[in-house]
Amino acid sequence: MSKFTGKIFWMILGVVVLGLAVWGEFRAGSIPAVAARVKDLDLPNLGVYRLQTWVAALSCIAVYSFLFKENPFYRFFEHALLGCATGYSCAVVMRQNLYSQWLVPIKKAIVNVSQNGWTGGDAATIALIFAGVIGLLWYFQYSKKYFWVSRIAMCISLGAGAGLAFKDTFNQLIPQITGTFKNVCPSEYVMPGATLLDRFYAGCENAIFVIGTVSVLMYFFFAFGNKNTIVKSSSKIGRWYLMIALGAFFGNTFMSRLSALIERVHFLMAEWLLISQM
Amino acid sequence: MAPENKKRSLWDRIQFCDPRILYALFAVVVIGFEMIQIKMPVPNPIWVGKLYDRIESLPPDKAVLIDCDYGAGNRGECEGQFKAVIQHLFARNIKFMVVTWTTNVEGQKLGRQVLDEVAKKMNKVDGEDYVMFQAIVNAGGVTLQSLAKDIHGFVVKDINGRDLNEIPMMKNFRSIADVSLIYRVAYSWGGIPWIGFVQSVYGTPLAAGSAGIESSTAYPYLDSGQLCGLLAGAAGAAAYEKRVMEAGIVNETGIGTKTVSVQSFATLFVVVSILISNFAMFMSKWQSKRGRA
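So the protein lines, in turn, are chains A and B.
Everything in the first sequence is counted per the working numbering, starting at 1 for the first residue and increasing by one.
Everything in the second sequence is counted per the working numbering, starting at 279 for the first residue and increasing by one.
Treat the hints with care, as some may be off.
Cβ-to-Cβ under 8 Å is the rule here; a few derived chain A residues that face chain B [said to hold, decoys possible]: (1) Asp42; (2) Val93; (3) Asp198; (4) Ala202; (5) Leu258; (6) Leu261.
A partial selection of chain A residues facing chain B, derived with a Cβ cut-off under 8 Å [to be verified]: (7) Phe68; (8) Leu158; (9) Asn171; (10) Phe249; (11) His266.
What the hints contain is simulated information worked out from the structure, not anything from laboratory work.
Just so we're clear, the structure is a prediction, and the values are computed from it rather than from any experiment.
Idealized CB from N, CA, C, for every residue including glycine.
Let's have the full structure, built from the sequences with the hints guiding it.
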């Protein structure tokens, strides 16, 4: 395809899509599903809903236009997204966390203390001021001279984080280790009521699991050379297990990305162009 | 690299075709099947059934804690997982709390939209049947420990600015002891350390709805019993939607089922493309060998 015919193709496609969108706008008022959607979303009228949809659709097309090539349309919406996301996060955190869960309780506790004297609960709430002060120390990172002050906050975060990670790791991994001790020949006592065939299947599954665990561990065992026949052959099996696992991971990755695309296509077709079922 | 100095054969042209042609063909397939909407059989994974049965057997006097942490990028998978489960909880009259985190405010926005929509359709009232609040997550473990010990002490107000003590349903739910199930729906099921700080400490069952990418890492935890159920990707959502519909809770399936149908054909397209390109590679090699001979 020459450059000229390519341009003609994209222009025709653009005109067709725009035509469909405009045609959709004329029909929007008479489609019951659209009216139901406006009601579901608690919007004041159809106009607001259509405006929202157009903004979302244009943003979506702008981002996908990157697949064709890098362009200013894409860059504008990329920056707009970053700005909106940051602003929205700040507003929500300030309103729902810093104000209502930090400032207001402290204010209430101070009023309580001034009226009724000190109580344990009020003292603990007022102590939240120190948490805020420690948090503010992070901002010293912007100063070359007082950078060291921010290290106090950093030390507290790292110390607490390390302790917590230790607890988290143990609590997560101990049941994992015990979970790998599987019976490769389950008796009737282990699987009461199961038929011989069921027990045989369970035994096979467990054997695959145990072989996989041991061989993958062998693959990552670098303490001595793999000249030993047992280590060498089991690490080879481990590599196969890893490859199968990575293949499954890749398959799932593809499925996830595909779902994201389908969701957007569904939005564009059903809500913007109004040419498929909502 | 594409061979430049000689006239390219059909097989070479297939191998080195402009990726934009593939994108366009892929878009045609996705758009085509989105419009036709052929219903494909929905899988029935064992772990979806386990979560469904778990919710069926939950006591009505305890609440479910839903950790809603998905974003726009994984809405296609997680929205269906979230919606189907809350429809089931509403139908069973089990009260639930939805917690969102400061690290992902999108979760609150998207979750609230779905929650309000479903609640309206099923005649449920905010504050009586469900509540949504936002929690600070800095060091995840500290947050979860505090939340587990004293919900009212840790989260003072809900997202509408109401004091938690004044919300009718929250009078009976004060700590993790009043919670019968934790359900985390997010891109990454393990992003918040529920296992390390709540499930393993208090024994509260934990289930997850996760994007397909991350679901692979959940299987060891299902096997060890640390997770009691999993909705993996759009297929998980579709399977749960099917169960909810079969139970007569809703009349139609949701976004998960629609996604799975289009996904099946798009995947088929990719598999066929891979096969064709590999076949082209072998043919091209065979042709060049024959040319040399």
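Each hint tested on the structure:
The restraint placing Asp42(A) at the interface with chain B holds, with a minimum CB-CB distance near 7 Å, inside the 8 Å limit. At its closest, the beta carbon of Val93(A) sits 5 Å from a beta carbon of chain B; the interface hint therefore holds under the 8 Å criterion. Annotation: interface hint on Asp198(A) violated; nearest CB of chain B at approximately 15 Å, more than 8 Å. For Ala202(A), the suggested interface contact is broken, since its CB lies about 13 Å from the closest CB of chain B, more than 8 Å.
The beta carbon of Leu258(A) comes within 5 Å of a beta carbon in chain B, closer than 8 Å, and the hint placing it at the interface holds. The restraint placing Leu261(A) at the interface with chain B holds, with a minimum CB-CB distance near 6 Å, inside the 8 Å limit. The beta carbon of Phe68(A) comes within 6 Å of a beta carbon in chain B, closer than 8 Å, and the hint placing it at the interface holds. Taking 8 Å as the C-beta contact cut-off toward chain B, the hint placing Leu158(A) at the interface is violated, the least distance being around 10 Å.
The restraint placing Asn171(A) at the interface with chain B holds, with a minimum CB-CB distance near 4 Å, inside the 8 Å limit. At its closest, the beta carbon of Phe249(A) sits 5 Å from a beta carbon of chain B; the interface hint therefore holds under the 8 Å criterion. The closest approach between the C-beta of His266(A) and any C-beta of chain B is roughly 6 Å, which is under the 8 Å cut-off, so the hint is satisfied.
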